[in-house]
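Asker: Protein chains in written order, with my numbering: chain D, 1 to 245; chain C, 1 to 245.
Read the hints as simulated data drawn from the structure, not as lab findings.
Misleading hints may appear alongside valid ones.
Which copy is meant is left open, so a pair is good if it fits within one copy or across any two.
[Said to hold, decoys possible] Here are the computed lysine-lysine pairs in the DSSO-like style, where the Cα-Cα straight-line distance is at most 30 Å: (1) Lys14 / Lys129; (2) Lys85 / Lys237; (3) Lys80 / Lys14; (4) Lys14 / Lys85; (5) Lys129 / Lys228; (6) Lys187 / Lys129; (7) Lys56 / Lys81; (8) Lys237 / Lys129; (9) Lys56 / Lys229; (10) Lys227 / Lys237; (11) Lys16 / Lys85.
Number of protein chains: 2
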Amino acid sequence: MKFLLRWFTSYSEKEKQLSEAVKRIIGVKPYNIRLYNLAMQHSSVAAENENIKGFKESNERLEYLGDAILGAIVAEYLFKKYPYKEEGFLTEVRSRIVNRESLNRLAFKIGLNNLVEFEGRKRTGQSHKSIYGDAMEAFIGAIYLDRGFHFTRRYVINNLLQQHYDIDEVVETNTNFKSLIIEWAQKNGHSVEFTMSKPGGHRVGKQFKVNLVVDGEVMATGSGYSKKKAEQDAARKTCELLDIS
Amino acid sequence: MKFLLRWFTSYSEKEKQLSEAVKRIIGVKPYNIRLYNLAMQHSSVAAENENIKGFKESNERLEYLGDAILGAIVAEYLFKKYPYKEEGFLTEVRSRIVNRESLNRLAFKIGLNNLVEFEGRKRTGQSHKSIYGDAMEAFIGAIYLDRGFHFTRRYVINNLLQQHYDIDEVVETNTNFKSLIIEWAQKNGHSVEFTMSKPGGHRVGKQFKVNLVVDGEVMATGSGYSKKKAEQDAARKTCELLDIS
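Could you put together the complete structure from these sequences and hints?
Answerer: Shown next as structure tokens:
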């Protein structure tokens, strides 16, 4: 049915080109090119897409969906790859795989950066740092709606995780975010401290909660099964927030 | 193959009973009852399950998996149910559906509470508040591994979301968490304030970030597309953290 529909849908020249590009990336022609087209529309160009109901379409909804689908696929992949590792380990490794930096890099690796549309195409300002990673998630949302769960799962595992990540290295590379933050603060004249977050005086479950405070403002709260891990977690989040790397 | 395996696997009496109970809940007999058995083992009984490699099996890994699978299914469900709602709305509604309180209630509604095993079965202390919600997630992880994505998706949508949630009510019930927190603080003699989290002076994407500070300690950071929404978000997280309702 979807196949037949494609025959009767007339594609614009732009859509034909996108269709070819998507085929090069995922290996098959899209059933519904409009999903992929939407996935490549950053919100900065959404005003042009305003539809009849005044709803401005951009890739943000697809990004929300793709984020959830990717999270589930990576969760299962790690669950099966590491049968004797605890939940805390799996969560940590997953967050390293799907964090903004990783997804930005991934978008460039598969050539998605050439397809994304946004205002100020040439600008390379800080605010654009997550455009590609966001588009990466939206792209996965589009694949899911277009081709279903099993196709998406196979694509993510075989073409993304296994080709573009060295998971063992991801596990071993224990980036010391705490050092990064401290170095950054010293260089730029900021104060940094960790404070314990004590909700009602009790620990939250078995996890420690720690705040990272920069110049008196809490930047992020980290959690982990040790104080050290909670600090690393808070430091990692802060590095992401402030684009420190 | 899985079906054949079941014929050759001998079940203990306990497993047979659990198999019947699961069948009553999900409508079909499990292929692999051991997954469901594990899903019902809270970490407080894990020591008894210590295996040959010294790895203590409990439902925590399955909880991690089920959380991700449930998140993806609910994400798609809301994405399709609300085609003209923005990402922020979808994220908010999803978090209300899968938060700890909701999942605790859900576990009781489908009768999972009778199957969960934990130390101090009779105790009703605060630390046990999330046992059922956690088991609910682990149960979904077990269904996923046992029966695959499509079965799980159908079960979650048809039997959980549509039977046990009134989604329109979830959307409309805009619990005023900010009032709850302020009331709680007045009653118990705590100070409460909201502070803006200003990472490097710029807003994070289009979202506001706000910290909720109780007695000088940051409890949670909230985000949203308006300051008010960010405050509500921080207040909701704090209510969950401190079991305020």
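Asker: Does each hint fit the structure? Answer for all of them.
Answerer: Going down the list of hints, with the structure as the test:
Taking the closest pair of Cα atoms, Lys14 and Lys129 come within 30 Å of each other only inside a single copy of the chain (26 Å); across copies the shortest separation is 54 Å, beyond that limit. In this homomeric assembly, Lys85 and Lys237 come within 30 Å of each other (Cα to Cα) both inside a single copy, at 23 Å, and across copies, at 28 Å. Only between protomers do Lys80 and Lys14 lie at most 30 Å apart by alpha-carbon distance; the minimum there is 26 Å, versus 41 Å within a single protomer. In this assembly of identical chains, the alpha carbons of Lys14 and Lys85 lie at most 30 Å apart only when taken from different copies (27 Å versus 47 Å within one copy).
Taking the shortest alpha-carbon separations for Lys129 and Lys228, both the intra-copy value of 29 Å and the inter-copy value of 26 Å come in at or below 30 Å. In this assembly of identical chains, Lys187 and Lys129 lie within 30 Å of each other by CA distance solely inside one copy; the values are 22 Å within and 45 Å between copies. Only between protomers do Lys56 and Lys81 lie at most 30 Å apart by alpha-carbon distance; the minimum there is 18 Å, versus 41 Å within a single protomer. Proximity of Lys237 and Lys129 under a CA criterion of 30 Å is satisfied in both settings, with 15 Å inside one chain copy and 28 Å between copies.
In this assembly of identical chains, Lys56 and Lys229 lie within 30 Å of each other by CA distance solely across copies; the values are 21 Å between and 41 Å within a copy. Within a single copy, Lys227 and Lys237 get their C-alpha atoms as close as 15 Å, and across copies as close as 21 Å, so both meet the 30 Å cut-off. In this assembly of identical chains, Lys16 and Lys85 lie within 30 Å of each other by CA distance solely across copies; the values are 29 Å between and 46 Å within a copy.
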